[in-house]
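*Asks:* For the sequence shown, counting from 1, position 171 maps to 171 in UniProt numbering; every step adds exactly one.
FYI, nobody ran anything at the bench for these hints, they're computed from the structure.
You can take every hint at face value.
Only pairs whose alpha carbons sit at most 30 Å apart, straight line, appear in this in silico BS3-like list of lysine-lysine:
#, residue 1, residue 2
1, K82, K109
2, K109, K173
3, K82, K39
4, K109, K179
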Amino acid sequence: TMTETSPFRVLVFSKTVGYRHDSIPAGIQSLTALANRQKHFAISTSEDSSLFTSSSLAQFAVIILLQTIGDVFTPHELDALKQFVRSGGGIVAIHGAAAGMPNDEWYGKLCGAHFDTHPDPERGTVLTEEANQNHFIASFCCGRTEWQDEWYNFHTHPRQNENLEILLRGDPKSFQGGKMGDDHPLAWCQEFEGGRSFFTALGHF
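Required output: the full structure, derived from the provided sequences and hints.
*Replies:* Here's what the structure looks like:
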């Protein structure tokens with residue numbers, strides 16, 4: 001039972017290999033503030049991938065992959081992440097996380113799709129997926145909202161992955177450089193190999 005005296009533990013992992021988002025410190029600050037305000041979960045932060053062992057990850061209920069671009073895991077560390085997910089762990093993957101482990105098929109499925117390209121940041125329109133108007137994750141959007149971001153394109157169209165529950169999509173008429181056609185998914189969740197994952201392409205800034 002979740003009580004104020006027994007918050008679950010969340011690991012915010014923000015290692016990068018290659019490009020590094022300037023927004024990582026702000027992301028950690030926001031997540032820490034949210035934890036302090038809600039008191040339902042406690043945040044630990046790390047950029048040390050050697051923490052990814054089965055015994056070490058077992059203390060966490062959720063891992064947040066915050067802008068984890070590049071080959072951030074060794075094969076053994078990735079195996080520990082797989083075991084974490086298969087043991088019922090939760091994953092939150094934010095923006096650049098989709099550019100992590102670019103040659104690893106399993107990691108791509110965990111995120112839902114691998115990042116391909118993005119145009120220059122631009123203001124555009126985010127729409128709530130009609131079937132999920134009342135989903136708590138999508139509720140901030142109120143059906144549609146204006147948003148400044150990098151509008152990610154993906155190697156495979158997220159709609160081709162039937163496991164994904166699409167929550168938000170971009171209106172491709174509202175920004176330049178989209179390559180996903182008339183339907184441009186940006187955020188989704190899924191049940192995956194015994195665990196759960198949520199990905200948002202929003203979050204460059």
